[in-house]
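Chemist: Below are the chains, spelled out letter by letter.
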Amino acid sequence: MSTITTPTTSKQGLQKQGRQKRPQTQRSRRRVEPIFYLFLVPSLILFTLAITVPGIMGIFFSFTNSIGIGDWDFIGLTNYIAIFSDPAILQSYLFTFGFSIVTVIAVNVIAFLLAVGLTARIRMKTALRTIFVIPMVVSGIIIAYVFNFLFSNSLPSLGAAAGIPWLESSLLANPDLAWIAIVLVTAWQAVPGALLIYIAGLVAVPGDVYEAAEIDGASKFQQLLKITLPLVAGYVVINIILGFKGFLNAYDIIVGLTNGGPGTSTRSIAMTVISGFNGGDYAYQMANATIFFVVAILISLVQLSLTRGRNAL
Amino acid sequence: MSVKPTRRKRFAAIGLGLALLAGLLSGCAGDAGNSEKETIRFTFSKREAIGFMTKLVADYNASQDETEVVLDTSGVDVVSASFVRGNPPDIALANYNMETSRFVQRGALSDLSGTEAASRIREDLQPLMEQYGSYPGRTSALPYSVMASSVIYNKEIFAANNIAVPTTWSELIAACEALKAAGVTPFYATWKDDWTIAQGWFDYSVGGQVDTLDFFKKLEAEGVDVGPESSVSFQKDFDQPVQKMLTLAKSYVNKDAASRAYGDGNLAFSQGKAAMYLQGPWAFSEIAKTAPDLKLGTFPLPMTEDPEDLRVRVNVDLAAWIPEASKHKDAARGFLEYLYRPEVIDAYNKSQLGFTPTKETANVPDPRIEGMVEYYDNGKVYQGPSVLVPRTIPIMNYTQAIVFGAPPASTLRTLDADWARLAFRQ
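Protein chains in written order, with this note's numbering: chain A, 2 to 314; chain B, 60 to 485.
So here's chain B without its partners, still in its complex pose:
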C-alpha cells in the first residue's frame, strides 16, 4: 500500500522534470517575431563611416518593402568567429585583407560574377584583389572603396617654414632638420597603437623601396625555405628600409610617441603640434572634427634619391562579399546592387576620401588627397607589406618592438622563421 503513492509521486516528479527541460530547450528555438520583410544582417565596422552607413541603410529600408537590412557594427573579430560558428553575416562591406583572403580561398564566399555591380568594376584593379588569392570560377568579392595613403602634412606649417614637399630622402631629412630647428615636431607618432606603426611607418618605408608584389610572390615560392639562404627574405630585403624608418623614428618624432594612441594623434595633429603625420585618409574626417578648416595635403614618403621611385600605398579599404552560408543571398544581392548605384558609391567614397573602383565615376578628389591622384592614376602604387603578411604572424607587434628598440635584424629573422613555420604546417 505504501509503494503506490511513492511511485505516483516519482512519476509526477519525472514528468515535471521533463516538462521543465522541454521548456528550457524550446525557449532557445523560439522564433523572434514573424515580419513580412526578409531580414538580412549587414556587417560594416569602419568606425569613421558608421554614421554615413546608418543613414544609407535607413534610406534603403524605407525605399522598398521586401528586405529589412540590419546594420551590424560589432567589428572584424566577431565576423571571423561567426564564420567558425557557421553563422556569418548575409552581406558585408569589409576591409579586404589576408583574413578575408582565407574565406575566399576556402570557398566560404559566394560567386558575385553575375551581378550588375561586378560588370562595372574597373578591370585594372583586378591585381589588387587577386593579390589575396581567389577561388576557381568565382568572383568572391568586389572592391567598393580604394584608399590611397601617404604622408599627411600641414600646409600652413610647411609654408610658414618655407619648406617644399620633399621628393627625395635627403630632401626629407633636410625638411625634418629645418622643422626641428624651427622648434616644430616633424612627425607626430602614435606608437601605443601598433597598427599605426605597421600601416604608416613600416609600410611607407618598405613600400617606398621594395616591390612588395614581387617580393611576396617570391616569398610564397620559397615557402619553408625562407631564411638567410633564400633568394628573398625579410632579413635581407627589409633591413635597409627598416633602418631608414628608425632614422626618422629616432630623431624626428614627438617625445611622448610611445604612449600616444591614434585618437591622441588626430587631436594633436589638428592642433598643429607636428608638421607631418603618417596616416591614411581615414584620419582626415577625425582631424576635421576639431579643425575643420585646417589646410592639409598628402605626398608619398620619399625613401630613395630618385623622384621616379615615389609611390603611394593603396589598399582595398572596403570590399563587398556575400557568404556562401547566408540563407538570404538573393535579398543580400538586391542590397548589393543598391550599394553599387553610381550615386550611392560615389557619395560614400566622397565622404570617406576614397577612390571609387567603378568604371564611370563622377567622384572629384578632395583637395586633401590631390597629392596622391597622379600616382594612383599612373599605377604607381603598392600594397603595404603589413597587410600581405598572414594575420597569424603578429607583424604589428613586431614593428612596434622594432620602434621601441628591439634589434631589427633579429626581429626580421623572427619574421622569416614565422613565415617558414606557417608554410610548413599548411
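Isolated chain A (complex conformation):
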C-alpha cells in the first residue's frame, strides 16, 4: 500500500512549496498584463457570436409563435405548456436517456476489457491498437449508412440463406429493437475514444504493484478487480462523463440508420429540436431546446460535484 500513498505525499509536498513561494509572486498576480486579456478577445468574440447570442435569441423566441421567419407574436409560456403534454417530445427524452445509459455502459465495458488486453504482453500490440482505433477516424454519417446497408440487405440475405427466420427481417425495421442497432453502431464508433483513455490510464499504473500482488499470491482476476480497477477509477469517471454527454446529443448515426423510425421510436432530442427548422416549428422547438439546456446544466452540476472529490481528475 505504501506505493499508492507515495504520489499523494509528493503532491502535498508540491502544495507546500507553492504556499511558500506565494509571497514572491504576489505582486505580479495583482497586476495582470493587459495583453493577456487581448489574447482572450478573438475566442471571446467567436464564442459570443456563435454560441451566446444565438442561445439567447433562441430562448427569447421560445416565448413567441415564430416559425423562424416573418411575423410573430408573444405567446408567453404556451410552448412550454404544450411540450409537457407532448408524448412525442417526452418519448424523445425517454429514448435519448435510455439509449445514452445503455451505450455508456456498453462502451465502457468493451473499451475497458479491450484496453486490458491491449496493454498486456501480447503479440502485434501496435498493429492491433491501430486497427481498434480506426472506427474513430471515420465520420459518423458514413458509418451509419454502411451499417444501414448491412442491416437492411446483407444480414437479411445471410439469414435467408442460412434459414434463420429472425435474421431475415431487418433489425432497423423493428420498432422494438431498432434502438439496439443504434446502440451497436454508436458503441462501435465510440469504443476507440474510450479505449485510448483507458490505455493511457493502464499504462500509468506502476508495474511494482502487480509484482507485489503476484508475490502475495493474487490471481490475475483479483489483480484486475482489486488493483487495476481502483487505480483507473478516475479514467472510468471521465469516460462515463464524456460518453454520456456525447450520447445525449446523438444525431448523425440515428439519422443515417433509422431517421427516427420505425414510426417515432428512435427520435432523439436533437432530432426533434432540428425538426423545428425543417417543419416550421421554430419557437416550439426552441422551447424544447431551452428545457434540454436546463437539463444539461443540471446533469453537469451533478457530474461536477461527483468529480470534485477525486484528486485524480
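Hints may be right or wrong, so weigh each one.
[Stated by the list, open to error] Output of the computed footprint for chain B on chain A, the stretches with three or more beta carbons under 8 Å from beta carbons of chain B:
#1 170-178
#2 279-290
[Claimed, not checked] Chain B side only, calculated, beta carbon under 8 Å to chain A, not exhaustive:
#3 SER139
#4 ALA140
#5 GLU158
#6 GLN185
#7 ALA233
#8 ASP298
#9 ASP315
#10 GLN485
Worth flagging that the hints you see were computed from the coordinates, not collected in a lab. For every residue, glycine included, the Cβ atom is placed at its ideal position computed from N, Cα and C.
Add chain B to chain A, keeping to what the hints say.
Modeler: Here is chain B on its own, set in the frame of chain A:
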C-alpha cells in the same frame, strides 16, 4: 528607464493583436469577384430532373448577358434554414406543401401577380394553391408542374394473367388473389422510406374514400377541440381507410418490404418483380433507367364498390416563388418569365410526366399517365392527407408505425392530439 521598452513592447503587441483581429474580421466580408452579370441563386432540388434543369440554366445563361443563374440543388431542409438565417434563394421551383405555405402565410414570399407568367395560369387550379393558404393581396407562388399519381401497374404482367384494371375494392382484392395464386407479388412496397408509405399507401387509401379538402377544412375549424368528441377527427374518419390499407399491406406485398427503400423498389419493379407499385410519376424515369421499354400504365386505387368514387391524387409538384428577402428580385423575375415560356414549361412537364398548369399547352400526355388524364380533366382529384398535415406532425413516421404493426386506433388518436396541441400553441 526599464519601464519604457516594456510599454513600447506592449503597445506593439496590442497593435499587432488588433491588426490580426481586423484581418480576421475583414476576411469574412471580402467580396467574391466583381463580374458584370447579376448573379441569382436558383433553388431546385427535384433530383429526378436535376439533369434537365442544369441544361436549362446553362441555356439561359448563354442566351443573355445580364443575369447569371446559379443552380442550387442542396435540398429542401437547407432552404427552410436559409429563410431563418435571412438568406433565402433568389428564386425557387419547389414542391408546394405545408412548409412553403408557412412562408406564404407569414408574408416571406413576394407578389408575382404582375408577371406575365401569372396571367397564363389556369384559374381552375387556384383551389389547389389556396389549400395551403395565402397572403392578403399577393400571388405568392405560381404552379409550374402538377403531378397526378395513382397505382402504377405492369401491363405485361396484367395481360399475362388475364387481369383487367380493377375499378372497385372487391375487383382489386380479386386481382390481388389471382396474382398471388399465379406466384406474382401483387404490390411492391418500400416501407424503409417512410415517405413512400405516406404518399402512396396512406394517401391513396384515405383519398379514395374521404373528401380530404372538406375534412381538413372542418378539422381546421375544430382546432383545439379535435378529439373523440369533435365532428371530424382522424380516429373517426381515417379508421376505415387505414384498415383497408392494412388489408392490402398485410397480404399482398413483397416479403422484405420493411427493409426495402425507394431505389430498391424502382429496380425491383423494373425487373417485373411485382405487378403494382404505389408511386407517383416521378418513379417512371427511374424505372426507365433499367427497363426503358417496360409497358406501364396507371389507374386510381379503388377503395369503394362504386367506380364513380375513383379519383387520382394530385399535388403541385413544383411551384415558383421569389422570396421577399431576395436582393435580386428583378433578375429573378426575368428568369421566371423564361421558365414559363410555353416551349420551356412544356418541355419540362413532358420530361417529368407532369401536367402543365398554363392555359394553352401543347403537352400530350405520355401513354404511361394516360390512365389518369380523364380523372384530372374532370376534376376528380384530391390532395393527399399526408401533405395537408403540417410538417411538424411526423405523419410519415406515424404511417410507417401503422404499417409495421402499431395499433391504428391509438396512432390516429395521437394524430388528433398532435393536431389539437398545434392549434393550442399557434
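Chemist: So, for every hint listed, does it hold in this structure?
Modeler: We went through each hint and held it up to the structure:
no.: 1; hint: 170-178; verdict: holds (count 6)
no.: 2; hint: 279-290; verdict: holds (count 6)
no.: 3; hint: SER139; verdict: holds (6 Å)
no.: 4; hint: ALA140; verdict: holds (5 Å)
no.: 5; hint: GLU158; verdict: holds (6 Å)
no.: 6; hint: GLN185; verdict: violated (23 Å)
no.: 7; hint: ALA233; verdict: violated (29 Å)
no.: 8; hint: ASP298; verdict: violated (18 Å)
no.: 9; hint: ASP315; verdict: holds (6 Å)
no.: 10; hint: GLN485; verdict: holds (5 Å)
In summary, the numbered hints that this structure violates are 6, 7 and 8.
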